[in-house]
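Number of protein chains: 2
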Amino acid sequence: MKIIDGNITNVKGFSAVGRAVGIKKGKLDLGVIYSDRICNASAVYTKNSVKGAPLIVTKEHLENGKAQAIVINSGIANVCTGEKGINDAKQMCELVAKENNIDKENVLVASTGLIGAYLPMEKIKKDLADVIHNPKTCNIAEAILTTDLVKKEICVKEDNFTIAGIAKGSGMIHPNMATMLAFVCTDAEIPCEKLDAMLKKAVTNSFNMITIDMDTSTSDMCIVMANGYAGRVNNEKFQNALNFVCTELAKKIAKDGEGATKLMEVYVKNAKDETSAKILAKSVVCSNLVKCAVYGNDPNWGRILCALGNTGIKFDAEKINVYFESKSKDDKNVENETIVKNEIIVKNGVTANFDYEKIKEIMCKEELKIIIDMQSGNCSATAYGCDMTEEYIKINALYTT
Amino acid sequence: MKIIDGNITNVKGFSAVGRAVGIKKGKLDLGVIYSDRICNASAVYTKNSVKGAPLIVTKEHLENGKAQAIVINSGIANVCTGEKGINDAKQMCELVAKENNIDKENVLVASTGLIGAYLPMEKIKKDLADVIHNPKTCNIAEAILTTDLVKKEICVKEDNFTIAGIAKGSGMIHPNMATMLAFVCTDAEIPCEKLDAMLKKAVTNSFNMITIDMDTSTSDMCIVMANGYAGRVNNEKFQNALNFVCTELAKKIAKDGEGATKLMEVYVKNAKDETSAKILAKSVVCSNLVKCAVYGNDPNWGRILCALGNTGIKFDAEKINVYFESKSKDDKNVENETIVKNEIIVKNGVTANFDYEKIKEIMCKEELKIIIDMQSGNCSATAYGCDMTEEYIKINALYTT
Chain A
2 MKIIDGNITN VKGFSAVGRA VGIKKGKLDL GVIYSDRICN ASAVYTKNSV KGAPLIVTKE
62 HLENGKAQAI VINSGIANVC TGEKGINDAK QMCELVAKEN NIDKENVLVA STGLIGAYLP
122 MEKIKKDLAD VIHNPKTCNI AEAILTTDLV KKEICVKEDN FTIAGIAKGS GMIHPNMATM
182 LAFVCTDAEI PCEKLDAMLK KAVTNSFNMI TIDMDTSTSD MCIVMANGYA GRVNNEKFQN
242 ALNFVCTELA KKIAKDGEGA TKLMEVYVKN AKDETSAKIL AKSVVCSNLV KCAVYGNDPN
302 WGRILCALGN TGIKFDAEKI NVYFESKSKD DKNVENETIV KNEIIVKNGV TANFDYEKIK
362 EIMCKEELKI IIDMQSGNCS ATAYGCDMTE EYIKINALYT T
Chain B
2 MKIIDGNITN VKGFSAVGRA VGIKKGKLDL GVIYSDRICN ASAVYTKNSV KGAPLIVTKE
62 HLENGKAQAI VINSGIANVC TGEKGINDAK QMCELVAKEN NIDKENVLVA STGLIGAYLP
122 MEKIKKDLAD VIHNPKTCNI AEAILTTDLV KKEICVKEDN FTIAGIAKGS GMIHPNMATM
182 LAFVCTDAEI PCEKLDAMLK KAVTNSFNMI TIDMDTSTSD MCIVMANGYA GRVNNEKFQN
242 ALNFVCTELA KKIAKDGEGA TKLMEVYVKN AKDETSAKIL AKSVVCSNLV KCAVYGNDPN
302 WGRILCALGN TGIKFDAEKI NVYFESKSKD DKNVENETIV KNEIIVKNGV TANFDYEKIK
362 EIMCKEELKI IIDMQSGNCS ATAYGCDMTE EYIKINALYT T
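From first to last, the protein sequence lines are chains A and B. At position 122 of the first sequence the residue is numbered 123 (my numbering), and the sequence of numbers has no breaks. At position 347 of the second sequence the residue is numbered 348 (my numbering), and the sequence of numbers has no breaks.
FYI, nobody ran anything at the bench for these hints, they're computed from the structure. Be aware that one or more of the hints could be misleading.
One copy or two, it doesn't matter: identical chains are merged, so the pair holds either way.
[To be verified] List time: in silico BS3-like cross-link candidates among lysine-lysine, alpha-carbon distance up to 30 Å:
(1) Lys85 / Lys348
(2) Lys48 / Lys91
(3) Lys85 / Lys273
(4) Lys273 / Lys48
(5) Lys359 / Lys85
(6) Lys348 / Lys60
(7) Lys91 / Lys315
Note that the structure is a prediction, hence the values are computed from the model and not measured.
Here chain A stands alone, though its shape is the one from the complex (with noise of 0.2 Å):
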């Protein structure tokens, strides 16, 4: 498997486009990702009750497991807009499918940005079909962001296919979603069922396990669209790339949570199964009270013990160890080596007696690390997320004004 420096359009058969059409004030807000030939596809979607427009339009056309095209829009989220949402929702599909020549059944949309307006149609059908005709650039990556500040994109080739996906989320992002916003595409050839039970595989391990403020969204998919131009694949290096893509975009998503300065990793290890392995780590990457610690540099290691018992689960608090380790770039190497430093911060579930300069020094680094052995099993299980800071509270206080 090699990490290729390109995007969606590096696969086979895949166009991407992304254009500013006055959705947002002076970005990029509306893009099209499209393949030459039908795909086969699937989707995972979020678990909120209250479902946007968009997915439930999405959820119809998928029905078959064939899919061509999605169009995607950001600066308002078409949820809780009734009738004329999903009307303005399958509308964007039909644009697309007229401009394409394809069937509108085959289009899927994904809406991102503020609950309760209306989507601004009319710009959006003046726009859309120089959107789709004139791809100056492969900006897609781009169009879907909302409170981002970096667009998340990663391609991977393995034998003879190629994977590549994209993805945005920054707020309202929190596990047992199915996601935020995610496209995968690849020319691999991939049958509908097998396809859906890879992609829930991958999700699962992936960006359900990411969480930046708990607040799962209405709006959250991922679609992964396999057109076949490679051929037949090895299942297993294909269950390997897409597991690779989805964690990727998944860390990246957390890494650009609102606000964050770092991404934290919490791996919970040695627990008596993989569920409870799952809800410990995510406990802990969700609690604010740690995410402020991480933030502050602060081992107060009280509150990972405290998020830990808050699961519910049954352990044994005199058995738990706890370890911080950060990875950085060693700047005096040429080789530009990581340096990974780790230090035991609680032994048996009291204090280890760590020497508090160097676990600053850790935890002030970009990525950040808690090793949680619970000392009782053999399953493990990691979770992603970011600190909590004085930004996050300023971009959420004011965000639709």
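Since chain A is already given, all that's left is putting chain B on it; use the hints.
Here is chain B on its own, set in the frame of chain A:
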């Protein structure tokens, strides 16, 4: 029922003292509540599976439903402190028992503050006798505070009895807990089993309906002591008074949430059953995004519907109405009347096309009530919380140091 300007010492037979003994720097940090005769007593505790040493000892001492004193310190929580922690908690009880010449089994203990550190027992031993024998002022409500800004106490007279309570709590506060620390004293005569049932009932709709940051502490407890001086009482009136005292203390905790500028009350009405109403109300009051919007006076109601949808409870989003209501004093009116302003935000699941300026005016008051009409039954519940501000982050990023 009459609220009087008093505290625990206004209840016949009770004394309460607080002092600075050096657990915290220059702040009151140790207190004792004492009844001159043995009380029937009951308590509810945290559901966090990591439990503090004081909680374990208190539970043991309360097995027979009798208590005569409570010793409380702030600054250090005595949690995750192993065998030594248990011994320290027991020793605190023994010291109080010895000085008052009472049974050590009738002394309860509670600690709040940093997790993982050991109590400075020498300081406590040195000063505890003096705290008990030289009660200068009743500063107990102040001695139990940590990051709280104001002390929380209330005293109520009804019929022949008096009931008074104090509480502390500002961070690590979340529903599904016993509560933070709350101590309620009364001279009513109530049998143990009845006191248990009445306390559970009162806590369910008060302390268990507040949240500040979703983290249930390891040390939460609420204790009620009834010394019987007032003789038998009317049960219904006593339950009402107990409910009132617990709810007022809970609201005071919510309003004094870390960094908070406002009390947020979420009232869910016309839900299909009481459990659903509670879960829905709590989910809204817990949402970081709602809390930030309330801070920013931003009527971003999509976040409210998103939080309702996150509960997993089935409901018809197209039936939901949402109102914002504020209560404030009329400065111009000599009688200082309370003015209630109420506006509809969401009508049947979509925007009610409200007047933005009117809503801002409601939101900028110190107490905001969010009324959510589910239009699908006749059950209701109220949850209490606060807004989320940059100050919350600052307090929690550097709490240890």
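Results of checking the hints against the structure:
1. When the C-alpha separation of Lys85 and Lys348 is checked against a cutoff of 30 Å, the pair qualifies only between copies, where the shortest distance is 15 Å, while the shortest distance within a copy is 58 Å.
2. In this assembly of identical chains, Lys48 and Lys91 lie within 30 Å of each other by CA distance solely inside one copy; the values are 22 Å within and 48 Å between copies.
3. In the homo-oligomer, the alpha carbons of Lys85 and Lys273 lie at most 30 Å apart only across protomers (28 Å), although the nearest pairing inside one protomer, at 49 Å, exceeds that limit.
4. Proximity of Lys273 and Lys48 under a CA criterion of 30 Å is satisfied in both settings, with 27 Å inside one chain copy and 21 Å between copies.
5. Within a single copy, Lys359 and Lys85 get their C-alpha atoms only as close as 58 Å, which misses the 30 Å cut-off; across copies the closest is 27 Å, which meets it.
6. Taking the shortest Cα distances, Lys348 and Lys60 sit within 30 Å of each other only across copies (27 Å), while inside one copy they are farther apart (49 Å).
7. Taking the closest pair of Cα atoms, Lys91 and Lys315 come within 30 Å of each other only across two copies (25 Å); inside a single copy the shortest separation is 48 Å, beyond that limit.
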